[in-house]
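Enquirer: This is what each chain is made of:
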Amino acid sequence: MKLLIMGVGNGGCNTVRTLARQWPDGPKMAAVNTDQRAPADSAGVETIIVGEKILKGMGSAGDPRLARQAAESDIHKLSPLFEGINLAIFAVGLGGGTGSGIAPLLIEEAKKSGAATLCLVMFPFDFEGARRREQAERGLQAIRDAADGVICLHNQRLAALVEDKANIQDAFRKAETALARGIREFWRVLNTSSIINFDFADLRVFLKNSGGNCVFCCAEGSGEQRIDMALEGIQKSALINNGRSLAEAEAFIICIIGGADLSIMDVDSVVKGILALGGKNAHVMTGVGCEPDWRQTIHVTVLASEKSAAALQHAAFTGRSERQPPSPAGHDAGIPSSDMVQAGLFDVVEQGRFKGINPTIVDGNNLDIPTFIRRRIQVQKAKIANI
Amino acid sequence: MSKIPVAAVEIGTSKVCVLVGETREDGNIMITGMGNCPSLGVRKGVIVDLEKAASCVQTALQEAEASGAVEIRQVYLIVNGDHIRASTNQGSVPVFDSARGISEDDINDVMDIARAVSLPPDAELLHSIPQTYSVDGQTRIINPQSMHGARLSLDMLIMHGTRNILNNTIKAARNLGLEVLDVAFNGLCSALATLTPEQKECGVALIDLGAGTTNFVVYADDAIAATGCIAVGGDHITNDISQGFTISLRRAETLKHEAGSAMNDPADRFRSITIPEEVGFPACSVSASDLNAIINARMDETFRIIKGELEKKFLLPELGAGIVLTGGGAHLKGVETLGEQVFGLSCSIGKPRYFSGIATAHEGTEFAAPLGMIRYAIRSAAKHSEKTKSWGTLFKRWFMGEA
Numbered sequence: 001m002k003l004l005i006m007g008v009g010n011g012g013c014n015t016v017r018t019l020a021r022q023w024p025d026g027p028k029m030a031a032v033n034t035d036q037r038a039p040a041d042s043a044g045v046e047t048i049i050v051g052e053k054i055l056k057g058m059g060s061a062g063d064p065r066l067a068r069q070a071a072e073s074d075i076h077k078l079s080p081l082f083e084g085i086n087l088a089i090f091a092v093g094l095g096g097g098t099g100s101g102i103a104p105l106l107i108e109e110a111k112k113s114g115a116a117t118l119c120l121v122m123f124p125f126d127f128e129g130a131r132r133r134e135q136a137e138r139g140l141q142a143i144r145d146a147a148d149g150v151i152c153l154h155n156q157r158l159a160a161l162v163e164d165k166a167n168i169q170d171a172f173r174k175a176e177t178a179l180a181r182g183i184r185e186f187w188r189v190l191n192t193s194s195i196i197n198f199d200f201a202d203l204r205v206f207l208k209n210s211g212g213n214c215v216f217c218c219a220e221g222s223g224e225q226r227i228d229m230a231l232e233g234i235q236k237s238a239l240i241n242n243g244r245s246l247a248e249a250e251a252f253i254i255c256i257i258g259g260a261d262l263s264i265m266d267v268d269s270v271v272k273g274i275l276a277l278g279g280k281n282a283h284v285m286t287g288v289g290c291e292p293d294w295r296q297t298i299h300v301t302v303l304a305s306e307k308s309a310a311a312l313q314h315a316a317f318t319g320r321s322e323r324q325p326p327s328p329a330g331h332d333a334g335i336p337s338s339d340m341v342q343a344g345l346f347d348v349v350e351q352g353r354f355k356g357i358n359p360t361i362v363d364g365n366n367l368d369i370p371t372f373i374r375r376r377i378q379v380q381k382a383k384i385a386n387i
Numbered sequence: 388m389s390k391i392p393v394a395a396v397e398i399g400t401s402k403v404c405v406l407v408g409e410t411r412e413d414g415n416i417m418i419t420g421m422g423n424c425p426s427l428g429v430r431k432g433v434i435v436d437l438e439k440a441a442s443c444v445q446t447a448l449q450e451a452e453a454s455g456a457v458e459i460r461q462v463y464l465i466v467n468g469d470h471i472r473a474s475t476n477q478g479s480v481p482v483f484d485s486a487r488g489i490s491e492d493d494i495n496d497v498m499d500i501a502r503a504v505s506l507p508p509d510a511e512l513l514h515s516i517p518q519t520y521s522v523d524g525q526t527r528i529i530n531p532q533s534m535h536g537a538r539l540s541l542d543m544l545i546m547h548g549t550r551n552i553l554n555n556t557i558k559a560a561r562n563l564g565l566e567v568l569d570v571a572f573n574g575l576c577s578a579l580a581t582l583t584p585e586q587k588e589c590g591v592a593l594i595d596l597g598a599g600t601t602n603f604v605v606y607a608d609d610a611i612a613a614t615g616c617i618a619v620g621g622d623h624i625t626n627d628i629s630q631g632f633t634i635s636l637r638r639a640e641t642l643k644h645e646a647g648s649a650m651n652d653p654a655d656r657f658r659s660i661t662i663p664e665e666v667g668f669p670a671c672s673v674s675a676s677d678l679n680a681i682i683n684a685r686m687d688e689t690f691r692i693i694k695g696e697l698e699k700k701f702l703l704p705e706l707g708a709g710i711v712l713t714g715g716g717a718h719l720k721g722v723e724t725l726g727e728q729v730f731g732l733s734c735s736i737g738k739p740r741y742f743s744g745i746a747t748a749h750e751g752t753e754f755a756a757p758l759g760m761i762r763y764a765i766r767s768a769a770k771h772s773e774k775t776k777s778w779g780t781l782f783k784r785w786f787m788g789e790a
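Sequences listed follow chains G and W, in order.
Sequential numbering of the first sequence, starting at 1, is according to our numbering.
Sequential numbering of the second sequence, starting at 388, is according to our numbering.
The following block holds chain W by itself, in its conformation from the complex (with noise of 0.2 Å):
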């Protein structure tokens, strides 16, 4: 295990966060060093404004450096925006020696044939994960490894995105002259900082409610088995309250910090919430029940949403843990009840795990992405040597059950 401490950043849309952590004997995470910044120039987990973006990772990374007492050089990357898709492709071979089973050659070949994808020509392969074996037929083998068989297939994960708008959040850290080890979905960082290996077997969604995109990931069979970014985010739900109510965007966001609920309480029908006065702008008081019918409103569509993902490739029966919710969306007053209502399935929120250290990094369900990327940043930096060029090569052995 490595003792150097790795660098995590991610250009979210409310935040730029940086992160040190190494990790400890008993096999926990240190987070050593926070950089915490709010974010400009980010609209939709997509950097819009590359030099203001760029310089909210500068106050970060100093505040980081600073706090964690290191210099950092190299750093491993969050991306994300809608323009990441994933797709399933499979491949197969034929079992070079069927007498002594399945060899590991024959496990590499079958992931270079089902990772060969022709992509769209502007877009990146940013992950390619196995999902499940299937040997001569017999589908949803896990780990294929001696097994006797004729025919070895493999589903395969892949994840692209726009090369263009990933080159864009790669450039915001190179302008700095960090040095760009490794990138990595959003979702499946947040997977990686917060789901138990338990919850995975029994099948589990993680969704991420960030501010300018929700992901979410879904595990089953200890297999990732779908993922998805869809760009409507906490962003959205203050857009909202400032246009019904007509008042500020900064005002929205603080009332919906202070008393929004995704759940209509019939108690509230006749409360009113007053805003106190600003310069510029009178106080004024709006209605908690229009204010949560917003909330509301918005929040079951997205939940509606992914919920019709997960119908269209039969996922709903197979989560046996249920919903987890992380991001900073998750401190949502009602936001389980609304999600066990959506889904009909039991609604969790999902706090990072196994990690110690700064307490405002691990305790909030914000920086589950950072921390799931400080993760994966050890592991990889452990098995450095295996390291080839293609990004998130390594990323699959730890989606693969282990964490």
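Pulled out of the complex, with its shape left as it was, chain G reads as follows (with noise of 0.2 Å):
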């Protein structure tokens, strides 16, 4: 499997920097950007900056717009990096221009050759201000229409773990360390975990029942207390907001990665350990891998999703049932699980207030649908009272 690691904008470009310092024979990296400015110290990062002629090598001015005409003038620079590529891993900063208007046509044109395509995106700070928060969401949302899977990784819940007077440079260094660290986590996760199988399918199938609406949080251990830490790790996790997302999701991918002394009881205890955290009856799917080199350590990825168990599970199983035997690629695999959820979608309008009645349609939206169920809100149905 041939991947590709793209930075877009200034975030993604320096989330991929740091990912090249850390992973020095790592896979191929290339980080786009409008901004000449940005740092050039790029070891087997290929840098690419678009639209020289158009801006000048200034950057977009936070013009989406911009930026995307910017890219598409110099679309010749960027399609030859996706040839022979199998999975295209995009890390963006969303809220500038750049992220949010180049990232979408780069993964458009990933998946025209042949590429699978995940997204990474970090979500700007709250002190960033609304109208980046705007344009984040709408770059979200072209990246939601265009990408295999999107991951979130909202910013302010860093923040949590940035002391009030730490250096401004740090609280986007961890980000984008927490970004790298996650890129790198699925990517060994999606290569390794050979044991119980868990590839870009099954990965695909859970982001898309989840919307994007997921977080992820990556957790490590050595010793001989290497369970406990790794999984102290994650329920302290920032990224899953201390580990309160964990409580409320319906639905988990656990995978994890040992040596070669991997055991059965580690593997459990990992999992039940992380069950303890979420709800009883959420919906699991597991990956196991191993890397024969390591000795004691064990290093835990979770995707919780925040989306209900009932559709998931549905979408899973028939996902799987119609799968072909696993391709090594995986991305071709024909996944039906969003005809699932639209007509999951028909049939709550058919029994509304609305039923029979000329639906209201709105940029292709159809708002008799419960805005809920299209944005993705887990609500809980009414409890019979016990009294």
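Any given hint could turn out to be false.
Rough simulated footprint, nothing fancy, chain G against chain W, three-plus residues with beta-carbon under 8 Å [said to hold, decoys possible]:
| hint | segment |
| --- | --- |
| 1 | 428 to 435 |
| 2 | 554 to 562 |
| 3 | 616 to 622 |
| 4 | 628 to 638 |
| 5 | 666 to 680 |
Derived by calculation from the structure, the hints in this document are not laboratory data.
C-beta atoms are modelled at their ideal positions from N, C-alpha and C, and glycine is treated no differently.
Please assemble the complex out of the two chains, which come individually in their own frames, going by the hints.
Expert: Pasting the structure below:
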């Protein structure tokens, strides 16, 4: 499986640079930006500045349309990057112009050359202001429409990890480091989880059904207490809101990578430990892999979806049963998950107050379908009171 | 000014309302009669069951006649629904005598030309409201009378609706032997009842949060710059709640009224709300934060759709007086805060202004539209002699800054 890791915009490029430093013998990496001033000390990263003619290397001034135009004008520089790639992982910092504007275009390019696409996005800090947040929301929507899978990382949740007096640079570095680590862990998981197989098709089904409303965290442990260390790390991880998101999540992916000494007890205690943090009825998919060189080391990656388990379970099983014998690339397996969701939504309308009335369609959305369903907000049914 | 009482009828999605009103010496409008009846057979502002709707009108009418001690024969009728569309049409004429300046005849000519728009065959012209004039390319002139220039142009806001749907609404009144004197779009009526001249001058967006539809009217520079109707309203919130919690629509409605908020309050995180037992339904409980999340999602979406419409027309920077919310949905807790968050503008609740009489009628935002219709009707009746056959032709005067 040939991998390309691509950073888009300032945040994304920094992430890829961080990743390249941590992972010198890693896969092919590239950084795409509009701003020439961004540092160029990037060993192992192919840096491409787009739109020099239009923008004069001055950045996109926070305008996604301008950024997209810039990238379109230099598309001949970008499309060769994806040649022969099976999986393209994008790191995108949302909120500015470049990330929100160019990322969807790049994802489409990657798809054209037959690559599966996974996008890890950083959502701006609260202090970056409402405008950037709205821009980020719009950007995220476009990326969701384009990519096979989207994983969201909320910078604000990281803020809890950074001391109030800490350098502002540290806050951003921390976000980028977390994203870089996430990318590396996902790659490891997809590549090495052979004991209990977990491949890109599984990940894609999961992400499609969570609508990108999922959070991730990684933790590692070593030595005698490695299991406890890893579980503690997961519990504390700010990316999942100090473990609160876990408590509310209804579906998990748990990936465990261990050394040659990984025992079935280890796997069992990790999975049980994580389930103890989350809902009892959560739906779980597990992947287990082995790095033969490791000793007394365990890496745990958890993806938690904020979507209801029933829909996911259904999708996961239909996805699995219709899948052809697992192909190494995984991405070309036909998965009818989107149809399932559509059919489900129409059922809901038929039961409601607006049955038989002309539906209200605005910008292609049927507004008669409850907004919370379309936005995939999870709601619990009324509980019968025991009096 | 007319001392004769006039009657306004609104066949709304949640209620059918008949108001009777007259002018007092101080210029305020006195509401002398009122009938109000829960509506049946109306969805999203449009009649889907004519018989049921007509019987509701009958009930409300009798109530209004009794409380106002009048017999109602002639009514002004409010129309609504997302079949009502607005577009701007520009007309221009050469000035007849450029030495003397623009005359009233020139203005009448340009109005006729700007109004002459070709509509789809099934559409009926509802309102034609002058927006701004331009003289020889100088734009945004509010009154061009006796100005010098060679060419006079006018942007005319044209509102039209589907003929059959409009006729159904009229039929519901006519079947009861009522004569319909004029009809007007719900959103414009609400604007007439709630907005002050200062707000219109500074630029303001009125959002009427109805049960079946959400209507908006935007004033910039004292003229209507945009208006529209989205067929999403309080009914949708109720339906969302009902589906989210799998409870009956009636329980969902009660829950919305008594415990609902448009904002998520972190303190609600672990609070649950108990729904009391009823015949056939056991008592049950739901999470307060889920309830508010459902309402918040719907309101946020509705506001964002309107914001998108305003952004398309570059109107957001024109709104010096911010956003005014009215209609029944303005009672929802937290709706102002959410509006401020979404639009990034100040947001207030628009209560009907300069009305007196039956208190329930003029204190609630849900009566903004019928009250505005009364104001329109009184002015329209005063100018009755000028009245032409076309619907809403008089409307333009009242929306051009006078109210």
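Enquirer: Next step is simple, just say for each hint if it's right about the structure.
Expert: We went through each hint and held it up to the structure:
1. Residue count for the segment 428 to 435 of chain W with a Cβ under 8 Å from a Cβ of chain G: 3. That meets the three needed, and the coverage hint holds.
2. A count of 0 residues in the segment 554 to 562 of chain W with a Cβ less than 8 Å from any Cβ of chain G is obtained; the coverage claim is therefore unmet, three being the minimum.
3. Coverage of the segment 616 to 622 of chain W by chain G holds. Counting CB-CB distances below 8 Å, 4 residues qualify, and the rule asks for three or more.
4. With 7 residues carrying a beta carbon less than 8 Å from a beta carbon of chain G, the segment 628 to 638 of chain W meets the three-residue requirement, and the given coverage holds.
5. Residues of the segment 666 to 680 of chain W lying with their CB closer than 8 Å to a CB of chain G number 8, which satisfies the three-residue condition for coverage.
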